[in-house]
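Put chain Y on the given structure of chain G with help from the hints.
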Amino acid sequence: MHADARSDLAAWRAEVPALALPVHGRRLVYLDNAATTLMARPVIDAVAHVATHLPGNVHRGVHALAEAADAAFEGARATIARHLGARADEIVLTSGTTAAINLVAQAWGRANLGPGDAVVVTALEHHANLVPWQAACAERGATLRIAPIDDAGRVDLAGLEALLDARVKLVAVAHLSNVVGTIAPIAAIAARAHAVGARLLVDGAQALPHLAIDVAALGCDFYACSGHKAYGPTGTGVLWGRAEVLAAMPPWQHGGEMVAAVEATRARYREAPARFEAGTPNISGVIGLAAALDHAATRDRAAVAAHEARLHARLRAGLAATPGVRVLGEPEAAVVAFEVAGVHPHDVATIVDQEGVAVRSGLHCAEPLHARLGAAASVRASLAYYNGDDDVDALLAALARVREVFG
Amino acid sequence: MSDALALYQATIVEHDRHPRNHGPLAGADRAATVDNPLCGDVVTIELRLADATIAAAGWTGRGCALARAAGSMLTVALAGLDATAAAARLDALEALVRSTPDAPVPDGLGDLAAFAGVRGFASRRGCVLIAVRAARACLSG
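These protein sequence lines map, in sequence, to chains G and Y. Per numbering that gives the first Met the number 0, numbering of the first sequence is gapless, rising by one per residue and ending at 406. Per numbering that gives the first Met the number 0, numbering of the second sequence is gapless, rising by one per residue and ending at 140.
Calculated directly from the structure, the hints in this document are not laboratory data.
Label-pair restraints from in silico Cβ distances:
1) Arg26(G) to Asp101(Y): 24 to 30 Å
2) Asp213(G) to Asp101(Y): 53 to 59 Å
3) Leu4(Y) to Ala157(G): 49 to 55 Å
4) Asp101(Y) to Gly373(G): 38 to 44 Å
5) Pro23(Y) to Asp150(G): 28 to 34 Å
6) Pro23(Y) to Asp213(G): 52 to 58 Å
Bear in mind that the values here come from a model prediction, so they are computed numbers and not experimental data. Where is the CB? At the ideal position from N, CA and C, for every residue including glycine.
Chain G with its partners taken away, still in its complex shape:
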């Protein structure tokens, strides 16, 4: 690492207070970023600022605090839109990726899925981009088709294309896999989906913190992502939808905020995105998410990408050199899932935790993918911009400790 990169990393880390939390008396080595990320001080300050200075509700009051909250909230929506290459009126604010996908599965599905129709997902999806489609298809009499992946964990484009016909109304795919760390060819999938008249939903939960996202350029119709996986607060998420697609969708949840006029027995709904935002939103969280995206933009994107790519290569090389370790698939970015021969992932995670190293163990909400790759479960290490060589090396050293315990 050259001097500039080292000083960048030190400065980045100094802004993240959670990195100073001691774990079992050791320095925290946080490699569970695909589960949730750690917030930097400006993000925490933005959330606290709302609690202190912007305590009003949005979209309903005419008093000063309500107007200030409303302006800040809608400002945050515009900021989020700008960072995603979108229009503000195409940004639906949700509680997370799961809610965003359920919104599409339920609301879009109600208007667009019927008996004989089909939805296509891939074999590598997180349960949040699988189970909502199972449920929607079951309710609507539609069929769920599973596009194959190859042994590297990449979407098999020809296999996917073979499933596409006029009955397919929607294709749903993860942008960056939360287990195998592969990046789906979104533009190619979009072209194939659109060729049969299907919509494309992209699960961007893992991609948002690591890839430059320009939803208009990607070619999809929906993009779903979470704040807390992109250095923002929990309980925040985004559904981006093409304006004309959102405009043709019925509401999902019903209540206050989303109505234009209400009579005793019927209601008229507002336009998107308000139509999809019933109830009081997570105001401080959304403002914190906008702050997280603004703060990420202060880091040189090319430098961060190079830093993360180098760490990922170091992690992969280190694991490849560790006896008894099998990496699942061929990870391309941010995430590496692996097995340790003869030792259950939970036992691996418990032992490395004693060394201060936080990794995820289990199925990572991707049970069918583990079955496809022949793994009962796995250990997952996932990177963030604030990780360094020392974190990767600490994990590799901790894996040696696993061997000491289990022989």
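Quick look at chain Y alone, frame taken from chain G:
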């Protein structure tokens, strides 16, 4: 602060590596399976009864070292006990696992006392209890 070695005591690692009573139990009268959908672990306990006594116990399944050792050590501990004594042994193990890390370890648990180390690892208690719940379901079935 907890230590991995306090959790993975030699008895537990030895039962994980060389499990006793592992495999289908011939002539089993009772069987129950419990799984943990969060991690994919699953343990089946089988019992063969003679009069009111557990003549033999076996287990199958997949899981972490704690789940496997619990299946192995429980089937050893339950063999020869009547239903009342077996239920009491299961209750005693669950009470141990759910107690605070500094609580005294009760007498009479035998090798099962090795699971005292799990008390410092709240997220791992369930790993031991999969086999306990399966055995209890066998007794009540």
